[in-house]
Amino acid sequence: MTLRLSLLVSVGRNPVSGAPRACRNDVAALEIARSLPGDLTVLHAGRADNPGLTDYLAHGAGKIEVVPAKAESDIIAALADRLAGSDLILCGSRAEDGEESGMLPYLVAERLKLPLVGQVLSLSVIGDQAEITQFLPKGARRLVRVALPAVICIHPMAPVQPRYAFARKQAGKIVELAPAAGSLTSPWRTEPATRAPIKFKAHKKEAGHSRMHSAIAPASKSGEVLIEGNNAEKAQAILAYLRKYRLTDH
Amino acid sequence: MQDTSIPRRNPRRPATLTTAGIKRIVLGQQGEGSVIGSLSGQHADAPKPVRLAVEPTSAILAVVHSERGALDGQAQQVIAAAALLADAATAVVAVIFGELTEDVAVWGADRVIVIPAESWQPDHELACLRAAIARFQPRHTLFPDSAMGGGDLGRRLAAIEGDAAAHIAELSTDGVAVRRHGGRVTAKRGLPKILLLAPDIVDPALPFLGQAEETAMSLPFETPARIVDLGRQAVSAAELPLEEADFILSAGNGVTDIPTFLALADAFGAAVGASRVAVDDGKFPRAKQIGATGKTVSASVYMAIGISGAIQHLQGIKACRHVIALNSDASAPIVKRADLTIVADAHQVMRHLLSQITEPGRNDMEDRL
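Just so you know, the sequences run in chain order A and B.
So the first sequence is numbered by this note's numbering: it starts at 1 and just counts up by one.
So the second sequence is numbered by this note's numbering: it starts at 1 and just counts up by one.
If we strip away everything but chain B, and leave its shape as in the complex, we get (with noise of 0.2 Å):
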C-alpha cells in the first residue's frame, strides 16, 4: 500500500535554525535526527546581527541623561527609536549626559559619546549638543520627553531650531502624531528634525544590534553659567508617597520584629512599604500597601522581606528596575521576578545588615558562632 503519488516526509528530520529564527530543513538527510538547539533556550542563544553593515553617510542623534550609570526606560526606548527610524546606511549616535556603565549595543546605540554631567548646567549641555549636531549633521534628533534631562533639553534646542514635535504619542517611519486639546484630537505631520517622545511609545526589543563604538568628541568650555546648581537636596524617604520613592523596603508576612525592619529601612534611608497581609495584619497602615490594591511604586531598588509575591503584589512592583528578595522559601514566585534572591530567615540577615550598614568596620566572625 506504499505505492502512492505523495512523497512521504518525516517531519522530524535534521533541521537547523537560521539567525532570523527560520526552521530550515538539512537536505539529503532523512533519519530520526533532531532539530538542532531544543525547544526552550534555542532563541535566546541565537546571536542578533549587526544593523549596520556599511560606512554610514548619514546620522540619527539619540540625546538622553543617564542616573548613576544607566539608562532608565524611557532612555532606552529613545535609542531604540532612532534605531528603527534609521535605514542600512544610517548610524545611530547615541549622545549621553552622565556616565555610562551599560552596554548600549542591545538598544541599537553605533556610535557613543558620553558628556560628564556633574551637576545641571543646560546652556553648558545645550553648547556640547549643538557641538554634536554640528559634527554628525544627523537627520533627526531623538529626546526622551522626561520632566528634566531631555524634555528641557530638547525645548532648548527645538526653541533655537525649530521644526519640533513634542509629547509624540506614535511614531512610524512615515511621522509622527500628538494628541492635543486634552486628547480629544490627533494632530499629525511627516517626520521634524527633532523628536520628543512620550514614554511608551516604542519597543525596546531589537532583532539586531548596534556597534556601540566609543567615539570621542572635543567638547566646548564651559562659560559663566547664568543658572548656577546650588546641588540636590535630600528629602527623607519616609517623608515622600511611596510612588515617588526611590528605595523602598517592604515587608510581607514572613517579617515579624516590626523594630528591626524599621530600623533597617531607616539605615538605608528607604520609604517603607508592605504586602497586603502585613497591612491585614494591622502591622501597617494602608497607605503602605503595595499591590493592585494598593500602590503602583517605581523604585530602582525594592527589597521584598518575607514576600512571596502573589501576583496581585507583582502587578505593583512591575516598574522597579532592581528587586531583592529575602525569603525563606526558595519556590516562592517572587524569585522568579527577583534579580537577586535570599533564601534565609529574614530576621537574622536583617539584623546582620544592620550591623554591617550601622558598624562596617566590625568582624562579624561572633556572630558566626
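Extracted from the complex, chain A is given alone in its bound form (with noise of 0.2 Å):
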C-alpha cells in the first residue's frame, strides 16, 4: 500500500522587498515529503497566479493544486474535502504573509478529527505508525509515535536542504480546483500598522517620592554572598544551590 501524503502551502513574502516568494517553513515541510515513500498532493489555498507558487515547483512539487480563495472564504472546509483519505497531512507551524495565526492545521486536525503533532524536526513512518523527533526549547528533542493518519506541522528548523532547479519550476504544473464556498464574517478590523505595541501594564497611583525612588533604585537585588569558609564547603555550597532548583542531576 503506498502511502498518500498531502503537504499544505502558503506563499510567503520577502522581508526586504516585499516579494512572493516560498514560505521558508513549507519548503522544509514539502523537502521532508518528499524524502517519505508514498504519493504526495502539495495543496495551496489563494490565487493560483500567484508567482510564489511556481517557487514550490523548483523545490520539486511537481504539481500545486489550489482551491481559489478569497480573504472570507471558507477554506478548512474546502481543503478538508480535498485532505480526507491521506494518511499524512503535512504543513509548516506559521504562515509569513496573510493571517499568521498557525491555526490552520489544528482547524483541519479537528475538522478531520485527526492526531496533530507540532514541532517536528523529522519523521519515519514505520507501518501505520510515524516516529517523530520533535523540536522543544533549550536544545531538548521529544520522541513521539503516532497512530497514522495524522497531522504533522514541521518545525522552521528541520535539518533539510532545500535546492532549486528551473528546469523543474519549468515543467511543474498548477492546477485548479474548485473554488472554496462560503461567506465567513470576520470580527477583526485591520489597519495599518503605524506605532510599536504599548505593554499592558497595573495603572499605579503613587506619590512623586516613590516614582522617583523605583526610577533610581537598582533593578535588581544582589543574591547571596559567600565568602567565608574552605574551598571545599564554597563548592558544595554551589552544588547546594543547583540541587535546590534542581538545575543538575549530581
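Honestly, the hints are just simulated from the structure, not real lab data.
We put the beta carbon where it would ideally sit given N, CA and C, even for glycine.
Think about it this way: if two alpha-carbon atoms lie no more than 20 Å apart in a straight line, the pair counts; the simulated PhoX-like pairs of lysine-lysine are:
1) B:Lys-318 x A:Lys-138
2) B:Lys-48 x A:Lys-204
3) A:Lys-201 x B:Lys-188
4) B:Lys-283 x B:Lys-295
5) B:Lys-318 x B:Lys-288
6) B:Lys-23 x A:Lys-205
7) A:Lys-204 x B:Lys-23
8) B:Lys-48 x B:Lys-23
9) A:Lys-201 x B:Lys-48
10) B:Lys-188 x A:Lys-199
11) B:Lys-295 x A:Lys-138
12) A:Lys-138 x B:Lys-288
13) B:Lys-48 x A:Lys-205
Far from chain B, by Cβ distances over 10 Å, these chain A residues were calculated:
14) Thr-41
15) Pro-162
16) Ile-174
Combine the two chains into a complex, taking the hints into account.
Take a look at the structure:
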C-alpha cells in the first residue's frame, strides 16, 4: 500500500523587497514530504496566479493543486474535503504572510478528527505509525509515536537542504480545483501598523517620591554572597544551590 | 517680620507612608520628626494588598506549563495578564501543568490547580482543561503562545471552541491587537474567549497579590492516547548553539586552567561560553563569546567563573534565570547580578566541584588540610 501524503503550502513574502516567495517553513515541509515514500499531493488555498507558488515547483513539488479562495471563503471546509483519505498531512508551523495565526493545521485536524503533532524536526513512517523527533526549547528533543492518519506541522529549523532547480519550475504544473464556498464574517478590523505595541501594565497610584525611588533604585537585588569557609564548602554551596532549584542531576 | 498671612509649615514634620506609597503627614505634630521609614527600602517593605476582597462570581483562566517546578517569564506574564484583566469580583484561576514549587500569589493567581504532566499527552491535557473550563465557566482563557505547551494546547482548544486570537501583540481591557502580513498590518478586535499571548506584551509587576488558594479538581480518566510520548532525547550541550543551551559554564580572565574548566563543563553537561577577554586571549573561539559583541543567551543556569561582569557581558546574560558567580573579587559588578556569589580562587573551587561531582562519596577531609 502506498502512502497518500498531502502537503499544505502558503505563499510567503520577502521581508526586504516584499516580493512573493515560497514560505521557508513550507519548503522544509516539502523537502521532508519528498523524502517519504508515497504519492504526494501539494495543496494551496488562494490565487493560482501567485508567482510565489512557482518556487515550490522549483523545489520539486511537481504539481500544485490550488483551491481558489478569497479572504472570507471557508478554506478549512474546502481543504478538508480534498484532504479526506490522506494518510499523512504535512504543513509548516506558521505562515509568513496573511493571517499568520498558526491555527490552520489545528482547524484541519479538528475537522477531520485526526491527531496532530507540532514542532516536528524529522519523521519516519513504520507501518501505520510515524516516529517523530519533536523540537523542544533549550536544546531538548522529544521522540513521539503517532498512529496514521495524522497531521504533522514541521518546525522551521528542520534539518533539510532544499535545492532550487529552474528546470523543475518550468516542468511543474499548477491546476485549479473547485473554488472554496462560504462567506465568513470576521470580528477583526485591520489598519496599517503605524506604532509599536503598548505593554499591558498595572495602573499605579504613587507619590512622586516613590516614583522617583523606583526610577533610581537598582533593578535587581544582589543575591547571596559567600566569602567565609574553605574551598570544599564553597564547592558544596554551589552544588546545594543547583540541587535546591533542581538544575542538575548530580 | 514673622507676621505674614501665609502659615509656615515644616516640610520635614512627621509623616507616614500608606500602602499605596503615598506620603501622609501626621496631623497635630510639628516637631522635627522624621518621615517614618527611610528613603531606602521603605517601599519594598510596604505589604501589597490582596486584590480579591469579595467572593468571586466569575473567573479568568490562565493556563501554563511549568518547567522543573518553576514558571518561565512568559507563564508569569500570562497569569499577571489575567489578574490585570480581572475586575473586583473575578477570580484568576491558574491551571498549571507539571509540578509547582513557586509562590504564584505575586503574579496575581487566586486559585491554583496543579495537574501532573510527566509525559506529553495532548489529548489528556485537553480533557483536563475542558473539565476546568466546565467547572469555572471562565470569561476568558489565557495561554502563553510558546512553541510547545501553551501555544499547542491553546490552539487545540481554540480549534474546538472557536473565538480565539493567537500571537497577540497588544492587550488591553478593551481588546486585542495582532500583527499580520509580515507585521505591516494591525488587526484589532474585542477580547475573545481564548487568548494566546506573545512574549513580553505584559508587565508582570503587580501592585497587589492573589489569594493563591490551592484548589483540588477531579481529573478525567486517561483515555488510550493516539499520540505516545517515547521520552526526551538528550542532546549533547557541546553540539548545541549557545543561544539554545540551558546550562552554560562561562570562563573569563580569571580562568587560566582551561582543561579543568572544560572537564567541569563536561561533568555538568553544560555548554561552554566565554567573556570577551578570554576570547581575545585566544583561549576560546569567537563563537563562544557571550555579551554585547557576542551572543545573547537565555540559559536556566549561567555559571560565570572568573568573570568580573562588565556591562557589555551582563547585557548578553540578561535573560538567564539563575546566575552563579565564582570570583576572587567580592566587589566585581557580576556580584550585583548573581543569585549566588562564591568569593574564592576559581581553580581551587573548580577542582573541588569536579571531584564532588565525579566521586560524590569521597570524603573531602584530605583536601582541607
